[in-house]
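Enquirer: Using the hints, position chain B against chain A.
What follows is the residue order along each chain.
Protein chains: 2
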Amino acid sequence: MNKAMGFLRHSFHQLLLFSLISFSCVSGTQFSIPRLGALRRTTRTEPKITSTSVSKDFKTFFYSQTLDHFNYRPESYTTFPQRYVVNSKYWSGANSSAPILVFFGAEEALDNDLSGIGFLTDNAPRFKALLVYIEHRFYGKSIPFGSREAALRNASIRGYFTSAQAIADYAAILLHIKKAFSSKNSPVIVIGGSYGGMLAAWFRLKYPHVALGALASSAPILYFDDLAPQVGYYAIVTKDFKETSEGCYETIRESWDEIDKVASKSNGLSILSMKFKTCKKLKRTFDLKDYLDSIYSEAAQYDHPPTYPLSIVCGGIDGAPKGTDILGRIFAGVVAYMGNKSCYDMNEYNHPTDETYMGWRWQTCSEMVMPIGHGNNDSMFPPAPFNLNKFIRKCKSLFGVQPQPHWVTTYYGGHDLKLILHRFASNIIFSNGLRDPYSSGGVLENISGSVVAVYTINGSHCLDILPEKKSDPQWLVKQRKTEVQIIEGWLAKYYTDLLEFRDRT
Amino acid sequence: MNKAMGFLRHSFHQLLLFSLISFSCVSGTQFSIPRLGALRRTTRTEPKITSTSVSKDFKTFFYSQTLDHFNYRPESYTTFPQRYVVNSKYWSGANSSAPILVFFGAEEALDNDLSGIGFLTDNAPRFKALLVYIEHRFYGKSIPFGSREAALRNASIRGYFTSAQAIADYAAILLHIKKAFSSKNSPVIVIGGSYGGMLAAWFRLKYPHVALGALASSAPILYFDDLAPQVGYYAIVTKDFKETSEGCYETIRESWDEIDKVASKSNGLSILSMKFKTCKKLKRTFDLKDYLDSIYSEAAQYDHPPTYPLSIVCGGIDGAPKGTDILGRIFAGVVAYMGNKSCYDMNEYNHPTDETYMGWRWQTCSEMVMPIGHGNNDSMFPPAPFNLNKFIRKCKSLFGVQPQPHWVTTYYGGHDLKLILHRFASNIIFSNGLRDPYSSGGVLENISGSVVAVYTINGSHCLDILPEKKSDPQWLVKQRKTEVQIIEGWLAKYYTDLLEFRDRT
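The listed protein sequences derive, respectively, from chains A and B.
Sequential numbering from 1 applies to the first sequence in our numbering.
Sequential numbering from 1001 applies to the second sequence in our numbering.
Just so you know, the hints here were simulated from the structure itself, not pulled from any lab data.
Below are the BS3-like pairs computed for lysine-lysine, each with C-alpha atoms no more than 25 angstroms apart in a straight line:
| id | chain 1 | residue 1 | chain 2 | residue 2 |
| --- | --- | --- | --- | --- |
| 1 | A | Lys418 | B | Lys1178 |
| 2 | B | Lys1418 | A | Lys184 |
| 3 | B | Lys1418 | A | Lys178 |
| 4 | A | Lys418 | B | Lys1184 |
| 5 | B | Lys1418 | A | Lys493 |
| 6 | B | Lys1418 | A | Lys179 |
| 7 | A | Lys418 | B | Lys1179 |
| 8 | B | Lys1341 | B | Lys1280 |
| 9 | A | Lys418 | B | Lys1493 |
| 10 | B | Lys1059 | B | Lys1179 |
These numbers come from a predicted model, not from an experiment.
This is chain A alone, in the form it adopts within the complex (with noise of 0.2 angstroms):
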C-alpha cells in the first residue's frame, strides 16, 4: 500500500464517521441547503409542500422537560422547553379511544416532518388518529440553555445529548398528551424513520406501557457493535449503481485513481478545482472525494420513484458526449444530480454549522458508533476499512471524552436478536427499501408473529412513510397497505384486550 493510500484510508474513513453517516428520511433538511420543502432536491420540479400549507390544523407546545431523567443530582432537575406539535383533526376523541400516531423527531428540526412523514397524514382520516410530532432533544427549538451553539460547546450539557434521555424525553411527554388529552385508553403508535425508527423501535421495547406498537422505517438498529458487516453500506451503493448501469459503476470505480493522478501533477489541484467548479480552490484531494462520495452515497440512500436520482447521476456520466475523459464524465454525473451552478460548494454535505452535521456528530462520537467502512472486493470505492481506534482518538480530540461502542447493544441489545425476541416483545414493524445502503443494518426477518419485517427490493431509504403519491409503484403501495393492516391488527387485538384487561379502578 502506498503513501497516498493510507491517506486516503485515513480521509475516506473520517468522511465516513461524519458526513454520510447522517441519515434523516427526509434529505432535504439535513444539509446547509434550502430547508423548506420536505421531498429531494432532485425533484425539485415537483410541487413543492409548504409548511404553511399544513401549518392550520397543527397546534405547536412546548413541554417543560426535566434535563437530566435517570439521575438526581441538582442540576438533574432544570428544564428545558421542548416542542411537540398535535393535529386533532381527524381525530374521534377519547370517548372511543381513538389511537394516536405518533412522529418521533430525530437529528433534524421538526418543521419538514409535518408535511415530509406522510404515513401520519395519510391514514389519521382512516384511524381516526390523533397526531403528535414531538422534537428530539438539542434539534429545532428544543434546545436546552436557550442556544444550540452554546449547548453543545459546552461538555457538561452537551452530555445530556443521548439516545436514552430521548426516549425518556418521549415517555414523559406522550404521558402528559394522554392525561391532557383525557385519553388513557387510546393506544399509542410510534414513527420513526432512519435514527427515528430505531428509537421508535427501542421505545416500544422500553415503553410497552406507554407505546403499544411501532413502525421503524429504514432503522438500521443492527449497524452496532460486530453485528453487521462493517462494508455493508457502501457495497448496497455499490451493487445499485452496477444494477442501474454497468458502465457508470466502472467509471466511478476508476475514478478516485483518476483524481489521484491529475492531483500529483504540478497545479494538479488546480485542474481538479477547475474540472469541478470548485467555489473554494480544493486544498486537497479528499475534499473531491467526500464530496463525490456523499453525492453517491445520497444518491443511492434515495433513490425512489418517480425520479430515482442515482439514474439521473448515472445518466449525466453515461450521456456526456463521446469522447468525454472520465472525470468530465464524472463532472456530468455531478451536474445532473446537483443542477446547473456557476460553482459547486465541496462542503455542501459537511457545513460545520448545520444543525443535524453538528449534533449527529456529537451524537456518533459518544453512543451512536455506527462502524461504516469501505469493503476491497467489487466495491466502487477505495478500501477504507473502518478503524475503531483512530474513530476514537479522533472523537476524544473531538470532544475530550471516550465514544462507547458497546452501549447501544448494552442498553437495547442486538446480539441474537430472534433467539431473545421471539418469545418476548410484540408489536414492531422493521420496514426497509433494500436498495437503501442502511437496509445492511436493518432487520429483514421476521422475528415473531408479531414483530416482523416488511421489506421491498426496490425501496429507498424511509419511502414507506413519506406522502403517498400518484405515481408510486404497486410494490410501494403494497407495502404501506401491508403496515396499515400489520397496525390494524394490533389495534383490533387491543381493544379486545381492553374490555377484558384493563384496570378497573
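Expert: Just chain B now, kept in the frame of chain A:
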C-alpha cells in the same frame, strides 16, 4: 380531631416514610443490630450460618463500574469499584450452555446474601448453574468515591444513586461475566427479593437480551403512584394480628390511646420510659409508637415458620399474668420478641448511621416513593394517611431535591399491567406470601402464560428464596418446586430456540 391526633398523624406519617419501608429479605441485616447470621433475630436459637462457612466457594471480584450510564458528561465517565461474587462449584460450564443464576443485591451490603439467599445455593446443583451475586451501588463495598458517608452527604454524588443506574450496572457486569466465562449462550436467570425483586422484574423488562427470566420475590412493584391502596400494608399487618389472636389485636388497638393517656400525666414520659425500659428517657411518645409499629410490622412481614415471630409477640401480649394492664401486656410482647434486655433502644429501627436506613431514605426521597399509610377502619393502628405534600416537603428539607413520585410508573410502568404485558414480555415469576404486608403491592394474578404469580396464603416476605429447611411446611416446599419447574420450562424453550435462532456469526 384533637391536637394530639394531629401530631400523631404527622408523627406516624414520618415514621411510615423512613423506617417501616426498609424491607429487605434478610431482616437481620437491615438494622443496627448484629449483622452476622442471616436469620431473623427472633430465631436466635437456630444455628447461625456464618459467612466463613460459605466463603470457600465464593470468589469476590470488583468491577470498574461507570458512574453514569445515561449521559456523556465528563464526570459521567468516573468509575467506582463494584463488588460481585461468583460461585462456580456447581457450574457444568460454558460448553453445555449451563445457566447462570444471578442474585441482585438490594438496599444492603451483599455479605449475608451468600448464605441467606437459599434459592441460589439450594438449586445450583439441580441447574448445574454458575452463581453470581452483585452488590447494589452505594451499599456495602460498592461506594463511589470511597466513603459512604461522604458519598451520601454530597448532593452531586448521591444523585447517581438511582434504580435505573443500578440495573444498568447489573447489565454491564453480567455482560462482562458472560464474556469472562466465554458463556455467550448460557441463559441468565435473575433473582431478587423485595426491592431487589422489583429490580429483577424490571431488569427482565428492560434488558431481555441480558436475562432470560426473573424470579421477583415479594416485589411490590404496584406500591407506587395510585396503583395500589395506600392502606394495603397496614391492613395486612392488622389482618395478620387479628388472625393470630383477636385479643392481641384488641390490646394493640387500644394501646395507642393508652400511651397518650399516660403521657398526658405530669411526668408521663418518665412513666412510659420506665414501663418500657427505654435506654434513654423518652422525649416524645412518637419514638415509642414508632418502635412498636416497627416491631408489629416486622413481625408480620417476616412471620415465617417454624418460629412465627408474630405469634411470639402475641404470645407475650396474651400470656402476660392476669391483671396486667394494657401497656404492661404490650411490653410483655416487646420482651417476647426482642428478648430480655437491660433496656430497649427506641432507635433500633431507625439508626441514623445504618447503611440501609441512610440509603433507603434517599431512595424513597428521590424515586422510590411508596405511599404507605394507615387506614381508618378496622386497622389496629391510629389513622395516618399518606400525605404526599408533607412527604415532598420533608424530603426537600432533608436532601434539597424534589421527589419524583411518577417516575417509577413512567419508566417501568405499572398501570394496566395485564393489559400492557399480556402480549408483551415473558418469563417473570412474581412470588408472594399473602401474610407479607408488602404483598398488597405485589402482582397476584397471572399476566400471561409465562408472566405468572406464584403465591402462598401463609407465606411471608421473601420466604421462598430463603434457604430450605427440614422443618419447611408442605405449602412452602410446593411453592419453591413450582418456581423451579417454571424456570426449567423457560430453559427448555430457550435451548430449543438456541438451536433454531442463534446468530450464526
